[in-house]
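Asker: Counted from 1, the sequence shown has number 531 at position 531 by the UniProt record's numbering; the numbering is strictly sequential.
Be a bit skeptical, because a hint or two may be false.
Stated by the list, open to error - Computed list of lysine-lysine pairs in DSS-like fashion (alpha-carbon distance at most 30 Å, straight line):
id, residue 1, residue 2
1, K116, K441
2, K401, K183
3, K472, K434
4, K542, K529
5, K441, K397
6, K377, K133
7, K496, K413
8, K183, K377
9, K116, K413
10, K567, K377
11, K464, K496
12, K434, K9
13, K413, K464
14, K5, K339
15, K542, K116
16, K441, K464
17, K339, K100
18, K368, K401
19, K5, K323
20, K133, K239
21, K529, K329
22, K546, K496
23, K397, K464
24, K441, K339
25, K401, K116
26, K245, K339
27, K245, K441
28, K5, K316
29, K329, K5
Honestly, the hints are just simulated from the structure, not real lab data.
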Amino acid sequence: MKELKHINKYFYKYRFQLLLGILITIVAKVFALFTPRLIGNAVTTISHAIKGTITTETFRHDLGQSILYLIGAAVVAGILTFFMRQTIINVSRYIEFDLKNEVYQQYQNLSLNFYKSNKTGDLINRISEDVGKVRNYTGPAIMYTINMITLFGVAFIYMFNTAPSLTLYTILPLPVLSFIVYKLSAVINKRSRIVQEYLSTLSAYTQESFSGISVIKSYGIETQNYAEFNTLSTESKEKQIDLAKVQALFFPSMILLIGVSNILVAYVGGVQYMNGQIAELGTIAEFLIYVNMLTWPVATVGWVTNLVQQAEASQKRINEFLKEVPEIKNHTNTQTPIKGRIAFENVTFIYSDTNIQALTDVNFTLEKGETLAILGKTGSGKSTILDLIGRLYDVQKGSIKIDDRIIDQINLKNLRDNIGYVPQDAFLFSDTIKNNIMFGKEDATEDEVIEAAKNASVHKNIMKFNKAYNTKLGERGITLSGGQKQRISIARALIKAPEIMLFDDCLSAVDTETEEKILNNLRTVSDGKTTIIVSHRVSSAKNADKIIVLSEGKIIQTGTHESLIDKDGYYRDLYLKQLSTKEME
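The whole structure should be built from the sequences, with the hints applied where relevant.
Answerer: What follows is the structure, given as structure tokens:
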């Protein structure tokens with residue numbers, strides 16, 4: 001139960017609703033226990049009438065009274081049971097809601113290294129399946145435990161006072177039932193986990209196949225793909241059948257033991273009645289109902305035990321993430337204006353997950369309003385510079401300063417609010433084009449959205465769609481071309497009007513003519529803004545105030561376009577190569 005202590009704060013938060021629910025549960029079960037006694041009285045009355053020991057008038061009066069009380073008790077118990085579920089089960093839903101929010105907030109706080117080392121499917125499983133199992137502990141487990149304690153406690157005391165030996169025979173099969181349910185539940189839970197794992201694998205394979213359907217078709221491997229899916233599906237089916245076989249034993253076992261209990265009550269009770277050990281025939285009927293009422297609560301002992309074990313295992317998995325300390329921490333709550341001056345001073349950075357040294361002693365200064373272009377081969381460290389400016393990672397050596405302040409001493413939210421970042425791989429949400437652009441500024445007007453789209457040279461493309469800006473995009477923007485996705489991503493950054501704009505090779509999927517239009521617009525929009533453009537094209541870098549060339553994490557060239565094309569080196573070679581390619585076109 002150590003892992004489940006994390007939930008105690010939520011029990012305290014909803015303590016009044018929970019205590020009310022427990023009180024209602026106890027009262028509801030007490031009223032429910034009136035039913036066997038009233039039915040027993042009715043049977044006794046009928047038996048007396050058959051024997052002729054009471055008058056017809058007395059028979060009608062006593063039987064009518066018993067029926068009336070029986071209906072009243074059933075109605076009150078039903079109403080209270082409704083409110084019992086509305087309190088305790090609702091509390092479990094509130095706790096589930098709070099716990100999911102806590103986990104999701106933690107996910108947002110954790111750094112990129114965390115996501116590199118954990119699978120998306122596992123993250124989703126912990127916030128859905130694991131939290132759901134914890135909810136069963138905070139609701140159903142508590143409710144059924146109180147039911148069992150109340151029913152068993154009150155009923156057992158009354159039964160024992162009425163007929164001690166018959167009571168012992170009545171409850172004799174119940175521990176056996178509880179043990180069988182416990183064992184079956186353990187096997188069911190184990191096989192359920194296996195089934196869930198196969199379903200997760202099957203879902204992941206299906207999702208990947210649908211996402212890469214164009215590749216599957218272009219390579220003509222539909223048959224092979226189907227064969228692999230069929231294998232996974234068959235294995236999943238077999239595991240589900242294994243689970244169904246065990247589940248098929250659950251209720252028959254309960255019915256068998258209930259039947260045994262009923263037979264014992266009927267036989268032993270009948271013998272005791274004939275021997276005069278039981279005064280009234282109604283007692284036997286009463287005990288038969290008690291047996292059926294107590295069977296499920298006693299059976300839940302094993303079931304609840306497994307619920308608690310599952311909840312503890314799930315909460316342990318959740319706690320592993322909740323205890324994860326974010327690498328990127330916000331060290332101040334003070335928010336100060338950011339102007340946009342950026343300075344890298346002997347910055348060295350190593351990716352902890354791969355131990356790759358991405359940057360080595362990088363130095364440069366970018367004044368407010370200046371534009372810096374970064375070029376270099378793939379893997380030279382270009383994107384890493386942008387990630388460090390957005391504090392997606394912290395440097396191990398050297399320092400990064402924004403407006404002459406160490407970057408980790410700037411309020412993290414304030415820093416990122418002042419950065420417009422267009423990643424190399426444009427990511428769009430399954431929402432409308434308008435909402436994707438407004439992601440950069442939630443309160444943007446329609447005119448601002450259109451203006452941003454025009455500056456990104458994508459407005460005309462959008463207007464060709466049937467619903468224009470209200471066009472709903474597919475998953476990850478799959479309904480758009482690569483160039484359209486990049487330009488909408490640029491519009492999303494531009495609408496934010498940040499002080500620092502970072503463009504990570506975001507024009508690679510557009511033609512040179514469109515690139516030129518966007519760059520001209522950017523020069524206007526970014527006037528007075530600090531801008532960094534990462535690119536493989538000289539055309540994207542030529543108008544920058546400063547240009548640096550990286551190779552294996554080190555700056556090998558720095559200068560302006562004019563100065564660099566006059567020097568032998570990477571930049572001049574790239575310029576001549578791209579110039580000759582353009583002339584050939």
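Asker: Mind listing which of the numbered hints don't hold for this structure, in increasing order?
Answerer: 2, 5, 6, 8, 12, 13, 14, 15, 17, 23, 26 and 27
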